[in-house]
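Here is what each chain is made of, one letter per residue.
4 protein chains.
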Amino acid sequence: MPLRSAKDYVASLRDGRTVYFRGQRVEDVTTHPVIGVAVRHASIDYEMAEQPAHRALAVVADEDGREFSRYYQIPRASDDLLQRSALIETATAAGATLVVLIKEIGTDALVALMRVASVVDAARRTEYARRVEAFYQHCRSKDLAVAVAQTDVKGDRALGPSAQADPDLYLHIVERRSDGIVVRGAKAHTSVSTNANELIVLPTRAMGEADRDYAVSFAVPVATKGLILLASAYDSTGPQSHAAEHPISARHKMMETTTVFDNVFVPWERVFLAGEHEFAGPLALAFVEHHRFTAVSYKLPLVDALIGSAMLMADLNGVAKAGHVREKIVQLISYGETLRGLTHYAALRATPRELGIAVPDPLYVNMAKYHFAHGYHEAVRNVQDIAGGSLVTGPGAEDLVSAETAPYYERYYAGRAGISGKDRLKALSVVKDLVASEFATYQEVLAVHAEGSLEAEKLMLFRSYDPKPALTFVRGLAGLL
Amino acid sequence: MPLRSAKDYVASLRDGRTVYFRGQRVEDVTTHPVIGVAVRHASIDYEMAEQPAHRALAVVADEDGREFSRYYQIPRASDDLLQRSALIETATAAGATLVVLIKEIGTDALVALMRVASVVDAARRTEYARRVEAFYQHCRSKDLAVAVAQTDVKGDRALGPSAQADPDLYLHIVERRSDGIVVRGAKAHTSVSTNANELIVLPTRAMGEADRDYAVSFAVPVATKGLILLASAYDSTGPQSHAAEHPISARHKMMETTTVFDNVFVPWERVFLAGEHEFAGPLALAFVEHHRFTAVSYKLPLVDALIGSAMLMADLNGVAKAGHVREKIVQLISYGETLRGLTHYAALRATPRELGIAVPDPLYVNMAKYHFAHGYHEAVRNVQDIAGGSLVTGPGAEDLVSAETAPYYERYYAGRAGISGKDRLKALSVVKDLVASEFATYQEVLAVHAEGSLEAEKLMLFRSYDPKPALTFVRGLAGLL
Amino acid sequence: MPLRSAKDYVASLRDGRTVYFRGQRVEDVTTHPVIGVAVRHASIDYEMAEQPAHRALAVVADEDGREFSRYYQIPRASDDLLQRSALIETATAAGATLVVLIKEIGTDALVALMRVASVVDAARRTEYARRVEAFYQHCRSKDLAVAVAQTDVKGDRALGPSAQADPDLYLHIVERRSDGIVVRGAKAHTSVSTNANELIVLPTRAMGEADRDYAVSFAVPVATKGLILLASAYDSTGPQSHAAEHPISARHKMMETTTVFDNVFVPWERVFLAGEHEFAGPLALAFVEHHRFTAVSYKLPLVDALIGSAMLMADLNGVAKAGHVREKIVQLISYGETLRGLTHYAALRATPRELGIAVPDPLYVNMAKYHFAHGYHEAVRNVQDIAGGSLVTGPGAEDLVSAETAPYYERYYAGRAGISGKDRLKALSVVKDLVASEFATYQEVLAVHAEGSLEAEKLMLFRSYDPKPALTFVRGLAGLL
Amino acid sequence: MPLRSAKDYVASLRDGRTVYFRGQRVEDVTTHPVIGVAVRHASIDYEMAEQPAHRALAVVADEDGREFSRYYQIPRASDDLLQRSALIETATAAGATLVVLIKEIGTDALVALMRVASVVDAARRTEYARRVEAFYQHCRSKDLAVAVAQTDVKGDRALGPSAQADPDLYLHIVERRSDGIVVRGAKAHTSVSTNANELIVLPTRAMGEADRDYAVSFAVPVATKGLILLASAYDSTGPQSHAAEHPISARHKMMETTTVFDNVFVPWERVFLAGEHEFAGPLALAFVEHHRFTAVSYKLPLVDALIGSAMLMADLNGVAKAGHVREKIVQLISYGETLRGLTHYAALRATPRELGIAVPDPLYVNMAKYHFAHGYHEAVRNVQDIAGGSLVTGPGAEDLVSAETAPYYERYYAGRAGISGKDRLKALSVVKDLVASEFATYQEVLAVHAEGSLEAEKLMLFRSYDPKPALTFVRGLAGLL
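Chains as they are written, first to last, in this note's numbering: chain A, 53 to 533; chain B, 53 to 533; chain C, 53 to 533; chain D, 53 to 533.
Be a bit skeptical, because a hint or two may be false.
[What the hints assert, rightly or not] The calculated lysine-lysine pairs, modelled on BS3-like cross-linking and capped at a C-alpha distance of 25 Å, are:
1. A/Lys-474 with D/Lys-520
2. D/Lys-478 with A/Lys-520
3. C/Lys-373 with B/Lys-520
4. C/Lys-520 with B/Lys-373
5. C/Lys-478 with B/Lys-520
6. C/Lys-520 with B/Lys-474
7. D/Lys-520 with A/Lys-478
Please keep in mind that the hints were generated in silico from the structure rather than gathered at the bench.
Produce the entire structure from the sequences given, and follow the hints as far as they go.
In structure tokens:
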């Protein structure tokens with residue numbers, strides 16, 4: 053079976069799924085003025101597989117010569133991870149700094165499920181591994197787009213699932229039937245769900261005995277009965293704006309949903325965890341081990357864009373040689389390239405885990421992610437600083453075509469000798485979209501929260517560190533061995 | 053003559069001024085869907101003078117008992133500056149963190165003009181002081197709204213005014229006539245000009261002999277022939293949005309313009325500097341000495357709102373006692389209150405300068421401003437961190453009234469016990485407007501650029517510091533006196 | 053009774069006190085090669101009272117015209133606190149950045165005892181206030197040097213006093229007799245005890261019912277039976293070094309002791325708390341409220357010295373105009389002057405508390421202290437950066453007088469034109485003592501630990517902040533009032 | 053010829069070299085109370101080659117089976133660099149965080165000379181390459197210890213060599229003879245020169261036409277006539293102290309000299325650059341390209357020791373689980389491991405340059421070095437914070453053996469249950485030596501200045517960055533390609 057075309061992918065989304073946007077049911081996500089932008093953005097993944105320049109990176113073949121998307125390749129060694137990282141980075145650059153994610157996140161969940169299912173089966177004589185494998189083959193052979201719902205809506209963040217005032221604030225099993233389970237609750241921040249084919253559900257945290265019914269993992273087609281996608285209203289302006297004004301966000305969009313499970317039935321064949329509470333934590337963790345590596349890979353075009361923005365604006369404004377500008381650019385380079393170095397080094401230090409699946413070194417992945425997240429706002433400040441106040445006081449798209457205003461803007465927004473106002477305004481528009489727009493704060497909040505918070509990264513960094521060498525060294529110096 | 057009412061103020065703006073917004077001429081700024089929001093926001097100043105709670109702060113009387121706006125009071129001592137600071141802080145809080153500015157900035161320019169005019173007159177036998185005084189009495193007695201245009205569009209930032217490829221990239225005198233001067237060029241980032249009555253023009257930097265024609269200062273009514281206001285298109289979404297979605301920016305707006313002077317004639321009576329190039333720098337500096345004190349005063353409600361946002365969201369989310377949340381709140385408090393302390397201390401250390409005008413200690417003002425500007429993005433990150441990812445994945449205004457979606461949002465956005473989804477969403481909307489919206493990045497860019505860049509603040513801080521005590525102390529310790 | 057002379061002060065220390073230094077009993081602290089330096093440093097306080105330049109600051113008179121040291125003046129208003137701060141700053145500058153402390157800390161303890169004794173007496177019908185007042189009059193009229201022992205040795209820092217494996221790890225009452233109490237245990241880090249006349253003991257933390265016997269406060273002469281002072285061996289090199297090599301630490305020294313109470317008897321007249329455990333916390337806190345203000349006051353000459361060092365070395369090395377050097381000096385100025393501003397502002401915002409005693413605003417005091425402590429190492433790095441590697445590769449005192457080596461050093465350590473090697477080496481010696489010596493790390497550790505740790509400062513900062521205004525502001529914006 | 057023994061190495065230093073310490077001629081460096089410690093420390097390199105555990109790492113063989121020190125292996129690929137880095141790290145750990153350096157720095161200079169000599173020869177028909185190769189074989193076959201003198205004393209840092217008031221402030225050729233050259237001047241901060249066999253001299257910076265005579269490179273035996281080593285007096289206490297008090301610095305020492313060339317004659321065979329001024333910059337740069345990689349490799353045990361110190365003291369003090377302690381340990385781990393990751397990644401990205409010599413990626417090397425240097429003081433602060441104030445108020449070595457004081461210290465310095473005062477004091481001594489001693493500030497200053505300043509690292513980082521990808525990406529987004 054050949055890989056799907058972008059056209060087929062788009063067509064597959066017209067399946068009667070239940071999506072709401074700003075209070076109204078969306079009949080066809082592919083033609084919706086906002087969600088349609090997200091669909092076209094997601095198509096990048098299918099288009100890359102068809103482009104000669106990217107085919108070698110995007111497509112691999114199995115031993116029988118059957119081609120499939122490289123995203124679906126199970127990583128066995130550092131090089132697989134580096135290739136995967138390169139693919140994610142390339143696709144995100146094609147997405148103008150915005151990750152595509154419709155296969156990235158799903159395959160992170162699939163390898164996590166493979167790893168943990170093998171452990172649960174061994175401990176409990178369950179048959180989860182077979183089901184996961186079957187679902188994996190289904191997705192890979194049909195070249196599907198897959199979303200993942202993990203974070204519950206959570207209510208009181210200081211309390212666990214079963215301790216909430218409302219039992220539905222974490223997703224849970226409300227009925228076990230002979231043919232499957234029925235689940236209820238809601239997941240927050242589910243990315244790309246409006247334009248995925250399948251939705252994988254994972255537990256959000258470690259759970260105790262009392263949380264048994266909350267220890268649940270499964271997969272359902274998006275157009276499943278009772279599955280309700282409440283699309284985010286955030287930044288609905290960008291996608292409906294002129295590309296001249298929002299060169300990135302008018303064309304690229306990721307859509308999140310609050311994902312409601314209103315008594316959704318899941319057949320056993322699609323259930324991957326159902327009550328084995330002590331494996332909820334390991335499954336959540338295994339997903340994160342892969343997904344944070346995806347995260348640091350897809351942040352690379354964004355940090356490159358910040359560096360490039362600062363250098364470009366410094367040049368156009370004629371201040372490239374000013375000492376303080378140089379200093380800020382050095383800070384940006386150091387910020388961006390440290391991310392790249394730690395990311396690649398994490399892949400190079402990968403170790404094989406369950407089923408021989410290669411896992412990037414979690415210490416370095418989490419250091420990379422924390423480095424990115426902690427420094428992002430300062431990087432943005434440096435770009436805003438170099439770009440200048442015109443980021444927020446300049447013209448709109450219409451100003452640049454109006455006979456009455458365009459001549460003034462073209463003249464008075466000129467930069468250093470040789471730089472026309474027109475060109476400088478084009479550069480300003482991109483930089484504005486990156487660091488001074490609703491899309492810009494979307495990126496800020498993603499930096500802090502997506503794929504785990506700063507605190508989650510620090511905790512995992514701490515746990516991944518082997519304290520013995522350093523402690524033994526100091527104890528030895530002190531004569532305390 | 054009594055103070056103007058808000059109604060009179062609004063009416064005064066219907067005067068045939070030349071304003072463009074998104075390529076189209078604006079017939080009436082007061083009814084325009086975007087600029088009208090800025091007009092209503094500016095009216096806060098006139099409303100406060102009528103409110104019993106604020107009247108004592110907002111209005112003062114001269115020795116003859118004639119009342120006038122406190123903004124027009126010439127500061128003679130620390131207490132005048134503290135009262136002015138309190139008025140600015142109170143008005144900005146009424147503006148929901150957005151400064152009103154229609155009198156703040158104009159009076160900063162007026163006292164600077166008074167100070168420098170007295171010096172120029174003494175050196176050059178000019179009669180600028182008398183003209184400035186007359187213009188001041190005109191503005192004060194008519195209770196006018198006054199904008200200030202200072203920053204030129206600048207072209208190559210590494211070159212001075214007369215060295216630019218296009219001579220009009222800095223505003224300059226193109227003709228000296230018996231009755232006045234004719235000027236041409238453009239100023240960038242002119243705040244509140246669309247809704248001011250008068251526009252004061254100041255030079256943007258120190259100038260040399262070759263820049264004589266660029267050393268120009270004057271005032272004109274906004275509805276002057278040849279004066280063209282190109283309104284910024286930035287964040288035109290917020291003002292046209294629902295207040296439920298953008299509780300601040302749907303109601304509050306500051307409008308900047310690219311301000312074009314297309315051969316504008318200025319009568320001599322309104323000219324305050326015309327060729328005395330060695331006073332361009334002192335005038336620019338004097339303005340900044342007063343205006344940065346205004347700046348740090350009006351930032352106080354914004355930093356309070358960040359602290360309050362973090363505390364409120366921590367409480368609603370049930371994490372107020374978590375160690376890392378506490379740590380971030382401490383950082384926010386320290387950030388905000390250090391600003392307050394340095395601001396007030398600068399006023400307390402004020403010294404009298406030309407004409408006995410009290411000038412806040414520039415060392416402390418610039419430290420306060422730099423502290424604010426340098427730390428703003430980190431403060432925003434801390435608020436985003438505590439508020440959570442729902443900042444960018446939540447509902448729109450319509451979702452909260454739709455029968456199909458509202459019940460889900462109300463249920464699943466609940467916080468800790470006792471906190472309904474409805475209330476938590478209200479809080480999230482305000483916090484989103486503050487730290488995750490186009491308005492939010494407007495505040496970020498203003499932090500970095502308004503009233504002078506980080507580098508400008510550092511330079512002035514350095515120059516304001518008296519190195520003698522510290523140097524003498526160390527030299528003494530070294531036996532090098 | 054006149055104020056004591058420095059000579060009388062020194063003589064008063066020859067009283068048979070039990071002091072050990074490097075394992076040996078010290079017969080006379082005043083002639084000891086290390087502790088003697090601390091004694092001479094402490095004499096600064098008595099010398100200032102005799103110097104015309106400082107007398108007005110150092111000495112005040114009561115209503116009957118009797119003169120006493122200003123340190124003993126009970127603060128009643130902001131101005132008293134500002135004068136006290138100025139005295140501490142001046143004395144510390146005379147101490148070449150090292151605080152004198154022999155009256156500063158004792159009077160901080162005395163006002164804290166006055167405040168809390170009045171509360172305990174009211175609640176428990178005790179007579180502590182009278183005893184404290186009598187002891188205060190004793191110290192003041194005799195112009196005594198007073199040390200304070202507060203921090204217990206503590207053992208397991210995660211456990212309270214009565215929960216320790218060894219009950220003596222916190223000082224406690226082991227016997228209550230008709231004529232007084234007997235105490236046992238040890239206090240750590242007791243400053244200036246070797247050269248004080250009296251020692252005040254305060255509880256180190258809040259205590260519970262089980263800790264009753266640990267809730268103890270009293271004062272004893274240093275030469276009391278059973279009181280054993282184990283002098284710190286730290287930085288015993290500096291005081292025994294050449295002043296040419298260690299211009300500060302060869303002449304100035306503060307001595308700490310591990311202070312052992314080996315069944316020390318205290319008569320009731322000198323007991324200020326004995327079992328009233330709920331007042332241990334308030335007493336510890338009251339002391340800190342005054343003592344941290346002392347701390348931020350005495351840090352001012354140190355930060356001035358850092359600023360001056362950077363400016364001086366930049367000048368001598370010929371790099372005063374380099375952009376990065378300017379930047380680092382700006383950071384140092386901002387660091388130092390923010391400390392000064394917050395310190396003075398804290399005094400200006402003082403409020404009267406028990407007995408009308410003026411307490412500096414704890415929010416600002418703690419922000420000042422935290423600002424100092426958190427930024428100190430970065431400030432040191434900036435000074436080391438500008439001063440250059442010669443800090444740690446240069447000559448010793450003997451090299452500069454040896455006929456064989458001095459000529460080389462004088463020639464090759466020359467700075468910019470006009471700066472001889474001799475003079476540059478003098479400057480380098482002072483800067484080395486400040487930022488690259490055992491004395492330098494003493495200052496680093498003091499920055500972090502003295503008068504409370506960074507965490508203690510953050511906690512008190514948090515508790516001193518009134519959250520209502522900010523919370524109400526944000527709730528109002530959200531419609532949640 | 054076999055590798056030298058440590059004994060032979062020590063013996064080789066008794067060669068009549070001219071060394072002064074504190075103004076006096078040192079007859080025998082190997083028995084000197086301070087320099088002797090440096091000699092024994094340097095012996096680690098020779099000892100490792102004899103130890104079974106380290107032999108495989110420390111020794112390699114050429115194609116003829118002749119063994120030589122791995123330091124002398126010319127790197128041809130990433131793996132050579134990783135092995136070299138591992139050797140440096142291991143030796144420095146054996147040196148208790150202090151680099152050995154007697155072969156590290158010399159071989160960095162040798163490969164730089166090889167690379168640049170080949171370029172100079174090609175351009176100028178010189179025969180430098182042959183001479184360098186001969187000198188290399190001499191050093192390698194005799195297993196010599198080699199120091200490098202690069203940094204001139206410099207006088208006015210804003211002026212170049214030939215612009216100084218005194219022409220000798222940079223080392224220069226004063227005579228060209230048929231058999232060689234005569235040089236005069238002085239180099240600062242020459243490490244390990246007192247205990248090296250040979251001294252290589254390199255130019256310190258790029259030079260212009262006027263600086264021809266300053267563009268000089270050569271090698272001489274340390275015991276050369278006119279070569280005068282003025283040993284640093286810095287931290288001469290540690291090496292003469294008790295190991296119980298300074299467990300590191302009593303046993304380990306690196307000695308720097310101000311190295312005076314008083315008309316030193318160098319035969320042509322040992323001259324590697326003499327007037328070819330345009331190659332002074334490239335040679336200085338090539339050295340730094342290798343030497344900064346050495347630097348980041350040898351910093352690894354130091355950062356490990358900081359992490360280990362914090363973890364150990366947190367454990368002994370009973371506060372390992374406190375939130376703020378955890379946070380500081382996470383910061384330390386992230387700091388240290390980012391250095392390790394960037395260092396190794398720089399080796400993995402090495403590229404072959406002149407003669408196929410592998411050069412570590414300078415972008416990553418400089419980012420690693422800057423990361424280390426910029427963050428070092430904050431790391432020290434975190435360790436001081438966790439270790440506690442006892443770092444500077446505790447006992448000396450004699451206190452722990454005195455019958456009168458030891459019992460008190462052993463009792464009152466106990467830590468959490470099970471941790472005796474004796475053991476806690478041992479740990480405190482090591483941590484004190486690392487972060488609160490003259491040795492500690494030596495490490496601070498080295499962090500900032502050794503192998504190039506922070507500014508030098510930033511400059512090289514900036515120049516090593518390829519701006520094209522990021523610029524092209526942003527230009528593409530803006531439609532400006």
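Honestly, which of those hints from before does the structure not fit?
-> Hints that this structure does not satisfy do not exist here, as all of them hold.
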